[in-house]
Amino acid sequence: MKLVAEILQPLLAIVLAPLLLGVINRVKAFFAGRHGQPFVQPYYDLWRLLHKGAVYSRSTSWVFRLSPPACLAALLTLTLIVPLGGRSTLLGFEGDLVLAAYLLALVRFFLVAAALDTASSFEGMGASREAFFSALTEPALFVALAAMARLSGRLSLPEMFAAVTPGNWATHGAALLLVAATLAIVLLAENSRIPVDDPNTHLELTMIHEVMVLDNSGPDFAFIQYGSALKLWLLSAVLVGAALPTGGLSTPLAMAAAVGGVFLVAVCVGTVESCMARLRMTHVPLLLFTAVALAVLALVFSLRG
Amino acid sequence: MWIDVIMVALVLTNMVALGSSRLRACIRVVAIQGVAVGLMPLFIHSFAPQLLLFTALCFILKGVVFPWMLMRTLRQLDVWREDSPYVSFGLSLLIGPMVLAFACWVSSHLRLPYDIHSATLIPVALFTLFVGLFLIVSRKKALTQVLGYLVLENGICAFGIAIAYEQPLIIELGILLDIFVGVFVMGIAIFHISREFDHINTDQLNTLRN
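Keeping their order, the protein sequence lines are chains A and B.
With this note's numbering as the guide, the letters of the first sequence map in order to residues -16 to 288.
With this note's numbering as the guide, the letters of the second sequence map in order to residues 8 to 217.
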């Protein structure tokens, strides 16, 4: 039973991640009064990209070719660490939250390195922005996880999330609420969603994530697209794990609740994207400072509780 | 549980007040904070009719009348943003949590005669108080300083509600009347300052004009 849950968690992430993008697109279409593309459109897109050939610029080196598979590998490893309502993970160990945070950083490192490798000035700008903004989201993520660790007295993600129960919400509601708010901002920033970056824009001057992958094509681009879907899924799973009080439930019920929660997060992301304009580039650090501040507040509250 | 939600609301409104340059948003957020403070006694003390009166008065004064008066001043002055505060908004946001940590430290050393309803009450009340003081000293526009004064008063009010078992209603009402007059007078004063000086930057008010 335990093993089934452990295997099911990464499988669900791997199979359902692109569907999350489909849900976001449909929510945005709903707000715009359109019917929207089918839910499985991201799967079609990935399939189409996988059957194309890749084009490599003559100015790129092996770094550029290594980057997409490396990103995907890091994210697939991450699926073995991030729980989805389960009480344990295949790769989980005491302190795996640090590995999780640094696998995310590894993905970013390879994306930035590949963007610099293309020697395009636009991609360099995107890389610089990505590096700057993620340098601000990382402390927010770490401090929020530290607050969670303090609340639960555990250092591994599944055990930390298992400690979130309705009773825990009643006694430490303040800290948990702030952790959830921080993780929501981190989710939007890390996945380049709207208040920070617009995933649909193709104006190089304001793009962050999309501008870094302009030179990727074919299967490489499919890897990167799939990787960003996985990243969205995983960070949603972390947010749901920290916010949803599934601690008292049995494993199948908790997993079902977590999957439902992840899709609810996708609906919320779509709603935010439909209702908000993106922030001016100079105001993004302020939002991320806010995330750091909220995380520190959560830590202060958890230390007192 | 609910008192914790109000405490988080107070902390978040403080953070918005620290980080926002838009005066309209600041006024709204301070109004929300005032209403949240007004709701506090309902969740702390056992129910009594005069508590409802206090909450209703808080709601009317801090939630409706003050924002209306300040918005009116804003429209007359045609000033919408705090452009260049002494302490930048990003730095203010980072100072916020430090101030909260300091408030926690202070409240852990504070010897109170009896048990407090929730462990977060005193630190958050002190935090609100310090944020109000910080806003007054770190912002240039006179209107933001009025907002700082209101935040400061919210902090004092929250502190009083947290430690007072028998709510001295008459005192609270007196304070509410005081700040009502205060905001009223400051609104008029700011209007006259801006008509005389063409701006409401307090850092330039010490230069003489003929």
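Treat the hints loosely; a few may be bogus.
Claimed, not checked - Stretch by stretch, here's where chain A covers chain B in the computed footprint (C-beta under 8 Å, at least three residues):
#1 11 to 17
#2 96 to 102
#3 106 to 112
Simulated from the structure, these hints should not be mistaken for laboratory data.
Backbone N, C-alpha and C fix where the C-beta goes; we use that ideal spot for every residue, glycine too.
Hints versus structure:
1. 11 to 17: holds (count 4)
2. 96 to 102: With 4 residues closer than 8 Å to chain A, the stretch 96 to 102 of chain B meets the three-residue bar; holds.
3. 106 to 112: Held - the stretch 106 to 112 of chain B has 3 residues with a Cβ nearer than 8 Å to chain A, which meets the minimum of three.
This entry satisfies every hint, going by the numbered hints stated previously.
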